[in-house]
Amino acid sequence: MLLLTCPNCGVTAEESEFHQGGEAHLRRAGPGSPDDAFEGYLFTRRNPHGVHFERWRHVFGCGKWFHAARCTATLEVFGTYPAQTTEPPADIVAAIRAKRPDWEGFR
Amino acid sequence: MSEAVTALNGARYEGIATIAEAPLGGMVTLRGDLSGADLGAAVQEAAGVAVPGRRGVVAEGPRTALWMAPDELLLLMPYAEAPETAAGINAALAGRFALAVDVSDARARFHVSGPRAREVLAKLSPVDFAAGVFAPGEVRRTRAAQAAAAVWMSGEEEFSLICFRSVARYVFDLLSMAAAPGGEVGAFD
Amino acid sequence: MSTRLATGGRLIDRSARRRFTFDGRAHEGYAGDTLASALLAGGHTLLGRSFKYHRPRGLVASGAEEPNALVGLGAGARFEPNQRATTTELFDGLQAVSQNAWPSLDWDVGVVNNAFARFLPAGFYYKMFMHPRPLWKHLFEPFIRRSAGLGRAPSERDADRYEHFYAFCDVLVVGGGIAGLQAALAAGRAGARVILLEQTAHWGGRSPVDGVRIDGGPAEAWINAAVQELDGMENVTLRPRTMGAGVYDHGYVLGYERVGDHDPAAEVPRHRLWRIRAARLITATGALERPLSFAGNDVPGVMLASAVRDYVVNWAVSPGDRTVVVTNNDDAYRTALALKSAGLEVPAILDARPRAEGELPEMARAHGIRVETGKGVAKVRGGRHVTAVGVCAQAGEGAVLEEIACDAVAMSGGWSPVVHLWSHCGGKLEWDAAQALFRPDPDRAPTGHDGHPFVATAGAASGALQADRAMADADENMKNVLQGIGRKSPSRKPPKVESAEEAPLAPVWQMPQGAGPALRAKMWLDYQNDVKVSDVRLAAQEGYESVEHTKRYTTLGMATDQGKLSNINGLATLSQALHEEIPQVGTTTFRPPYTPISMAAIAGEARGPVFQPLRRTPMHEWHEANGADWEPVGQWRRPYCYRRAGESRRDAVHREVRNTRNALGLLDASTLGKIMVSGPDAERFIDMLYTGKMSTLKPGKCRYGLMCDENGFLMDDGVCARLDERSFLCHTTSGGAERIHGWMEDWLQCEWWDWQVHVVNLTEQFAQVAVVGPNARNLLERLGGIDVSKETLPFMAWTEGTLGGFRARVFRISFSGELSFEIAVPASEGRAFWERLVEAGEGFGAMPYGTEALHVMRAEKGFIMIGDETDGTIIPQDLGLDWAISKKKEDFLGKRGMERVNMTSPDRWKLVGLETLDGSVLPDGAHAPAEGLNANGQRNTQGRVTSTYYSPTLGRGIAMALVHRGPERMGETIAFNVPGRTPVKAKIVEPVFYDPKGERQNV
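Chain order of the listed sequences is A, S and Z. In this note's numbering, each number is its position in the first sequence, counted from 1, plus 169. Numbering follows this note's numbering, in which position 132 of the second sequence is assigned residue number 128; successive positions increment by one, without gaps. In this note's numbering, each number is its position in the third sequence, counted from 1, plus 232.
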């Protein structure tokens, strides 16, 4: 059971306080978008063996969403950051690079 | 107004800790920019307390401010004062992006007290309740078994726990079971 | 025979007798006994029957690794099967029964399987599946069913209580032997928060039994001092009788505390599950001795050498008068010495090694014990008990050189570190060829949330088997651990441990080396599952190369002991058969729990009334007192109907419908979701949530709205009220409030975070009552305080004020087609308000009604219900709700999804009403078949029933259904399949059955 730190309220808590929300940094495809973009938005998800970005909500805590950068193979958490961003912030990217030098990078 | 009652009519249980449903209290949810000076002034003026820092609790007599989220406070006061407190804050912050709502009837509050109170709570919530780790001045939102709850210390050996009103019976039963005689753990002795 | 010795027994208190029964017969033991030691002291060497062949089985071990001595414990609501006698502390009144034997342990019918053993080889069950099916059904299945299963399931609800406890620490030490104690001392002295778990009731592990000396005195003195020091540290929690059960991600460890097992009269929780978060875990879990594989090694009386020693030293029980020791290492000589010093006979030590000249063998010789090197056991004589062993040369094929009469055999095939906890969360092992064991590889430890290793080992669990090395290992590893968490370890030297220097063992996987098939078929690897050397070799011969496959094929290492004794011997046998090295074959996966833990401990408090949160409205007790039949709606309990004396549920529902249509009904609608959406951007946000244009709603007005997910699928509906210029109150379904609130927060926090909108879930703030029926307005006027006239409060308007003295919001909305008001009051006043309505409504024929009457009335009006007409694949257009979808809005959630080809296809199933030709009620979910078959060869269908009721208003069955191109087929008759009946014909009609013009609600 994972241990995560909510960047919004600062609490480090076990997974049972959180709700997992799937892949982070999806781009919404709204009306007028081509079929393949809409399909990608709705159904296509990465499933990497390694560095991954996920949405989490501190549902039994402050109620806020945040993102976690995590290794799906070792479950190491590189960092968590507020959800109000379209890509992982620089400090998170740096933390990942330090631990996983051969990471191909975000997108 | 006189017909207002708590969810469990002041239910009480005495075991290795005392579980007591608190009388009706006023509660106001305030959403807004907690760092704003105008919000701070409005809260001080209408609710009589300062705005707490992250996960903080500020108590002034019957008035308490609980930090619930980066943009949310829960203000506690006597039951009758809640509507005017909410109205006062809304008036003071008119035109700003802030919202105060009277939620006095949405929750139940329990006092868990006695030297074993920490142990009783630690049976239900994945939170470190050790003295020195969990101390007065902090509010922790978590779960009590399967129900959402917020816990803070409202006295030297007294914790306050709030949950939604509909699960008051569930939470009271949980706390009572956890406080049943013979359930001493001794982990914090 | 086994018996109690006149003196000794470090764990028993001879002044405190304990009475118990085994298979109904009275026995006696002492405080400090285990059930196993007490039975053995009473001469009981036959304790059970094996799983497959029903062979007689006695004790092999003295602790958690025991595979044989499983019993049923307790009676009635406290009965529990498969309890190990070796880990059951004796108490007064203990009741135990043997398992797996019929009609009795002594005369077991199932033993006939033993005679047919050669027809029940490895993979027997799998192979039988291949035979003609009739054989399976009539011959094999009945046979397997009779013999399957271990123990008997309890038949009553568990009478005990159980609980969880969440604990946090810097260092968790599992195992209270000298290594664990030393690790805890080091961490405690360094100021870390420490929890130390020990599965037994005693500290110190094996050292006192093995005669280890620490700091110049007996180990016990040092152990007592260590425990005392730890007990005095505020930062250390000591927990005996608590097993480290499982290790999980990010330092999560389960501890299984048996609080009340040893004293059932105490009013305490029986088990407590410790849910521990530890920054670092130290496994000081010791090692387990391995059996030797020789023919007849399962005959009662053949035991592990360490267990024999334990019974003699700890409990003063001699497993036999004449014990032959057979070994491949020095440690087993301690058993011979212990037996000798207890005054018992050791006719010989058979040492498979060519030479034995270490400290311990020399001591044995000095005590006059005959030591035979290069020798082994060819076979054990005896059926229900050992009578003799045949001695052979280990290097040979098993020719018996000599028979030695004996009544016990103490065997030792070396030791395996307990690596389970290390391995649970991914710790890897390395093969130590010198000691012939798998030990944790410190370079491949399990890693935690920060990527750092969080598990370390101490003592024998590291592979440091000799006591002095174990202590040094614990000290060394603990220094590193403390450094890793930023703690300075006190600069103290570890205690000085004196332990006999042991010579290396010689790996022996089969005894004798060249044993043929006949002997191999009597060499047991897994006692519990009856797996022999011959079975594993057969598996290899049949192509099973993976150890995991071999495990499943042979059942090696399955069931309650999970191969604690058999794993290493089994995989060594497999590697020999495959002509591969042991590390290449590898081990099976170690999974939690270490030994079985009770289901009730896992459930903790979550049983009975608090199995899950039951949500209650403020009027819950009133409903309960007034005949409510409950219906679960999410976690809420809502009255389905209120039954009066002599009424069936059906009667009650019909009465409630008629009364509401004709007079006045009251519905507790408090469970409806009530979510406030407020802020400068509330209009913009609300228009994204609803499919319709909600922003045009004027304050004081209400409008019905739909919410869809991004697929366009309908997920919730309800009435939205405009509170003021920048605030809306969104009513959701009862089950949808939390989900929709979360949905709103998700969009606001994660997509449109620059929009200025606040969302507050007010569901629980208000009690809500629907006052419904022709007399509804009369009742509200009787209460007084708010003008509810048609002019002031028209349909789909709301107002607020004081109603009969209650602060109230009154919404004029209707889900029944009748004149209807929904009134929200503060939840704290909900009960009083409800009672006022009931009382004031008496003259108007007011009656409460439940959810079923609500459903019937909404179906009569053709109103859809989320979850009935929708199933997560239905778009609003399917339900004829096109009018609620804005064509002007550029965007709303679900708009793009609805534009997909399949959603706009004219071939979709759409909502219609159904009238059965015979007036009967269609079953819910009934399908209408169509011509032809689909691609899977199944019959095509053209529609299905989504809601179906008997309408007391119309006196006939009515239904709503989704039908292929339904609205184009008005008046057509189609048939629905009904199980066990001829298909029922129904006419397709408009879904509004009652008052289609809506005149009744507009009065």
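If you are wondering where the hints come from, they were derived from the structure by calculation, not from laboratory data. We put the CB at the ideal spot given by N, CA and C, even for glycine. Misleading hints may appear alongside valid ones.
[Claimed, not checked] Label pairs and their in silico Cβ distance ranges: (1) S/P19 x A/E208: 49 to 59 Å; (2) Z/P1211 x A/E208: 34 to 44 Å; (3) Z/G1151 x A/R214: 30 to 40 Å; (4) Z/E856 x S/P111: 52 to 62 Å.
Structure-based check of each hint:
1. Take S/P19 and A/E208: their Cβ atoms lie about 57 Å apart, and the range 49 to 59 Å holds.
2. Hint check: Z/P1211 to A/E208, Cβ distance near 40 Å, so the stated range 34 to 44 Å holds.
3. A hinted range of 30 to 40 Å is violated for the C-beta pair Z/G1151 and A/R214, which are about 51 Å apart.
4. Our hint of 52 to 62 Å for Z/E856 and S/P111 is violated, since their Cβ atoms are close to 37 Å apart.
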